[in-house]
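Engineer: The task is simple: from the sequences and hints, build the whole structure.
So the sequences go chain by chain: A and B.
In our numbering, each residue carries its 1-based index in the first sequence increased by 35.
In our numbering, each residue carries its 1-based index in the second sequence increased by 35.
Keep in mind the hints are simulated off the structure, nothing from the lab.
Using N, Cα and C, we set each Cβ at its ideal position, and we do this for glycine too.
You may find that some hints are simply not true.
[Claimed, not checked] Cβ-Cβ distance ranges computed for the label pairs, FRET-style:
# : chain 1 : residue 1 : chain 2 : residue 2 : range
1 : B       : Lys385    : A       : Arg161    : 41 to 49 Å
2 : B       : Gly287    : A       : Asp371    : 49 to 57 Å
3 : B       : Lys385    : A       : Ala232    : 46 to 54 Å
4 : A       : Gln382    : B       : Thr167    : 55 to 63 Å
[Stated by the list, open to error] Away from chain A, derived, C-beta distances all over 12 Å, residues of chain B:
# : residue
5 : Arg160
6 : Gly305
7 : Asp313
8 : Arg354
9 : Val367
Protein chains: 2
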Amino acid sequence: MGVPEELGDFFAVVPAGGAGTRLWPLSRQGRPKFLLDLAGEGSSLLAMTWQRLVPLTSPERITVVTGQAHAEAVRAELPQLQAANLLVEPTPRDSMAAIGLAAAVLHERHGNVLLGSFAADHLIRRPNAFHTAIRHACLAARQGYLVTIGIEAHRPATGFGYIRTGAPLQLAQAPQVHLASEFTEKPDAETAAAYLASGQYRWNAGMFVATTKFLLDRLAELLPALHDGLRDIARAWDGAHRNAVVERVWPGLQRIAIDHALAEPLAARGQVAVVPADLGWDDIGDFTSLSRVVPGGQLGAAAVIRAESPDAFVAAEDRLVAVLGVPGAVIVDTPDALLVTTTHHAQDVKDVVAQLPSELR
Amino acid sequence: MGVPEELGDFFAVVPAGGAGTRLWPLSRQGRPKFLLDLAGEGSSLLAMTWQRLVPLTSPERITVVTGQAHAEAVRAELPQLQAANLLVEPTPRDSMAAIGLAAAVLHERHGNVLLGSFAADHLIRRPNAFHTAIRHACLAARQGYLVTIGIEAHRPATGFGYIRTGAPLQLAQAPQVHLASEFTEKPDAETAAAYLASGQYRWNAGMFVATTKFLLDRLAELLPALHDGLRDIARAWDGAHRNAVVERVWPGLQRIAIDHALAEPLAARGQVAVVPADLGWDDIGDFTSLSRVVPGGQLGAAAVIRAESPDAFVAAEDRLVAVLGVPGAVIVDTPDALLVTTTHHAQDVKDVVAQLPSELR
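Structural biologist: This is the structure in structure tokens:
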């Protein structure tokens, strides 16, 4: 299958970070969410992300950014990943540094190219719709926009951020692309209901497409110190002094998410576009989300008996789990830790993790 | 320590039956409740029962009645139990047959003696009060009564049967002993509250003291076929034909609890006495009861984190258990089965067990 023209210089970047604390004890610091088979399909979320990206480009054009602790596991999960395309961060510096490092390194290696950044640990049930959306995003990105994907909101979700849709961008080949006028944080239930009713809001799936030049120029404008540090590192990356420069510069880089660093300020000045799409997307950010996406409310091979427990979710292997009289129960059974909670408390799991001894986190 | 005169011909009988289905998966058909260390004190309930009885009599005068499946385990738990004093039932025939068999065998061996029957799987926190109550029960039993112990009701419990107190028996040495006018089944909450308010009701701890002659004569009167069968078996028990007689007679014996067989009809005609006592007693019949009696709401060596989960009960070993937002949670973790429920559903656990494959019951 040939790659369409609009994807001709498209490079994919996958920041593989974030432990997925709200999915403890399934996810751990040493076994983060992107390494787990949370879709129950026999593949890690990272491997599924890879499979989804290959048709848009080629294995040689996919870059993964991860932490030292997970480099080995990422290599094992992605045998087709080129050694040079695994960018290992010495310490976590949030998503702007991770994506910015990839943009700067790709810009050094290949000149100005199209870059798409995609979380390693989200679920997309409709890959064809995803591919179409990214092709349209590439068209818009070439016009000088930071382009994101706006997922059709099916319910008043409080677990996702939202993108407010602005005026149409009037692209002949992709007339459905609009300006994005605003990014919002996770709303409360009332606000989420108002968003849904307005028809103007879409879920923010955390995907970004832009040219490396656009990304780096805007970063130079908005966060010049971070830009300069990343460019210094990128220039040294493929040479003899990488380690020395990384050791000197990396620790001082600002910790900031790309949403705050670029998406929000650029949206305010009309430089962000949104491609509407319905991808069967979920960020699987917590157990409410996980219990919604796994078939039959169960992950793993345990035998499960549910009595007076509608919507109970069970993740367990090799044993029988009986749940009686706990609607919305969340039961996650692992060899060294067991969590019992309900979907109403899905957001609070991180507070439990904060109380744990480090070897159990 | 010498045994008081009133205990001179006292023999203790411990029917060790009943799986304790409502405590699944702690209790199993193959590992019934009486073999478990549910008090968290390093001893099985059966061994604690034995320890409590020895001061009332002597190891040679304690008889245990159990099923074939548990004979080996009972011997292992009670090294002082005499081989001849372990009566093994070929199949379960409920408590009247178990206690009646012991009464008939003791009567054959020793003539008319005092017999006290005590469940193998109850908890008594105040053994001294228990000893005093049994001494008083023996005094009353010699006057020709079936004597039971009425536990002071501390709350409107719906998990226990009740005994209604009648007129004083006017025993000079034990003036607090009364007639028992009625035995009741487990009441609903409203009835339990009325019982408590009346001051006339006590909890039925399922203990009975009587002479073997009184027991057997009343049984002959009320259930002559069961009496005759048990006497036939008892006459053959210590001879060469035990197996043949047991095989012929036992399967036809009526299945009936001693409460229905003797206690209720005899109470109606003024032949049951009740000794009031406050023993720190509990039958540990379900998880509500168990969670009340174990210190700290926990059984086993697991590390437990509770958040927004008042009164959560956890039984687990060798791992961390976190419970978040489930008040009254009951979490019972065993190598092959995990139960998650709440104390409100403690009575329904048996319905879950009924759905299980037999190897997990």
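Engineer: Looking back at the hints listed earlier, which ones does the structure fail to meet?
Structural biologist: Numbers 8, 9 - these are the hints that the structure violates, sorted from lowest upward.
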